[in-house]
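**Q** Here's the letter readout for the chains.
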Amino acid sequence: MNQKGSKRLLFTIVTIFLLLYLSLEGAGLAAYASSPAGIVKKMSGMATITRQGRALPATVGLEILENDTIRTGRDGSIGIVFNDETLLSLGPESLLVVDEFVFAPKQGKFSIVIRMLKGTAAYLSGLISKLAPESAHFKTPTASIGIRGTKFVAKIEGE
Amino acid sequence: MWILFCLLTGCGAHRAKRDLIVLLPDPDGKVGVITVTTREGSQKLDKPGYATEIGNLDKVPMPPRPLNEKEITDVFGPALLAQPDPAGRFILFILHFEHDTTKLTHESKGLLPEILRTIKSRKSNEVYVVGHTDLVGTEAYNIELSSRRASHVRDLFISSGIKPNALFVSFYGKARPLVPTKDEVPEPLNRRVEVIVR
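In order, the protein sequence lines correspond to chains Z and A. Residue 14 in this note's numbering sits at position 13 of the first sequence; the count goes up by one each step and never skips. Residue 989 in this note's numbering sits at position 41 of the second sequence; the count goes up by one each step and never skips.
In short, the hints are calculated from the structure, not lab data. Just to be clear, a hint being listed does not mean it is correct.
Said to hold, decoys possible - Derived pair list, reagent style PhoX-like, types lysine-lysine, alpha-carbon separation capped at 25 Å:
| # | chain 1 | residue 1 | chain 2 | residue 2 |
| --- | --- | --- | --- | --- |
| 1 | Z | Lys119 | A | Lys1018 |
| 2 | A | Lys1071 | Z | Lys107 |
| 3 | A | Lys965 | A | Lys1007 |
| 4 | A | Lys1018 | Z | Lys43 |
| 5 | A | Lys995 | Z | Lys140 |
Claimed, not checked - Listed next, the stretches of chain A that the computed footprint assigns to chain Z, with coverage defined by at least 3 CB atoms under 8 Å from CB atoms of chain Z:
| # | region |
| --- | --- |
| 6 | 983-991 |
| 7 | 1001-1014 |
C-beta atoms are modelled at their ideal positions from N, C-alpha and C, and glycine is treated no differently.
This is chain Z alone, in the form it adopts within the complex (with noise of 0.2 Å):
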C-alpha cells in the first residue's frame, strides 16, 4: 500500500469513528431530553412498554419515560409510581400511553397526561394533582377524567 492510499485508510477510520462517536453522542442526548417519569415497582405476568417504536419488557425496576405506551398480556398486571407519587396499575389485557409528564417544582412547572385506551386501571392522584390540579388529566377514548385528589378505577372497552 503506497502512502497515499494508507492516509486516505486512515482517514476513512477517522471519519467512520467519528460518526459513531456522534450518533452515539445524538442517542445520549435523546435519552437525556425525557428524564424519568416513573419507574415500575409491580409487575405479575407480561408487560411491555413501547419507547420509540421499540417494545420493551417490563420488570420490577425499570424507568418509564414521558410517551412510553403500556401495555399488559392476558394474565399480566404492572404498577407504576410516577415522580410525584401518583400511583398507576393496569389490570390484564390493558393499553395506556403516557402522553406527558412534567413534575419541576423548582420552576414550577407540572403536568400528568396519562391516556387510556383499553382495558382497567387504578389511579392514585399524587403531588401534581395537590400543587396543580389543573394541570392533571386521565383521557379515555370517551371521556377525560378531572381530577382533584382522589383515587378512582377505569374500565375502557376500546375498540
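With chain Z fixed as given, assemble chain A onto it according to the hints.
**A** Just chain A, lined up with the frame of chain Z:
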C-alpha cells in the same frame, strides 16, 4: 356458531359495551372528587363506590350509581392488586388563619411543632407551602393575602431551622377553596396554608 350463540343470548354483553369509572376512597379514608366529561356533558363523582358509565363520546355519562365491593373487585381486582404501596408518600397538614390576617389560629399554632418534627424526621427536602383565602374580597387582594400567609409560614419554618431550598411556596388567593362557598362568604376552613411534606 357465534351467530347462533348471539341469537340465543341476544349478544347482551356486546350491546352493554360501556366504559366504567368508579370513585374509591383514598388510602387514608378521605374521598376526593372526579369529573367525567364527554362531548355532551359531565358527571361529578364525589361519593366512594359510586360509578358512572359512558356509552360513547356523544352521550352524557350516566348518572352516578353505587357499586358493591364484589362488583368492583370482579372487574378491577387485578388492577387494584397491582397498585404500589401508598404508605408514606407525603403528609398533608392544614394551618388555619384569623380573618384577613397572617395570624395563625390557636389550634394551628399548636400544630407547628408536629409539622417541624415531621419535616426533620423525614429529612425532607421537598416541603410545599401553599397559601389560600376564603371568598371574601377581590381576587387581587386575596392573591396578595394568600401570598403573605404562605410567606409567613415559610419564614416560621426557616427560623426553626428548615433549609430555605427545601421549601416550595405557591399561592392561589380565592381560586381553590377547600369548602366550596358562594362569593363573599366568610369561611374559616378556607383561610389556610396547606403544608405538604414529602
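**Q** Each hint should be assessed against the structure and marked as holding or not.
**A** Going through the hints against the structure:
no., hint, verdict
1, Lys119/Z x Lys1018/A, "holds (22 Å)"
2, Lys1071/A x Lys107/Z, "holds (18 Å)"
3, Lys965/A x Lys1007/A, "holds (14 Å)"
4, Lys1018/A x Lys43/Z, "holds (24 Å)"
5, Lys995/A x Lys140/Z, "holds (21 Å)"
6, 983-991, "holds (count 4)"
7, 1001-1014, "holds (count 5)"
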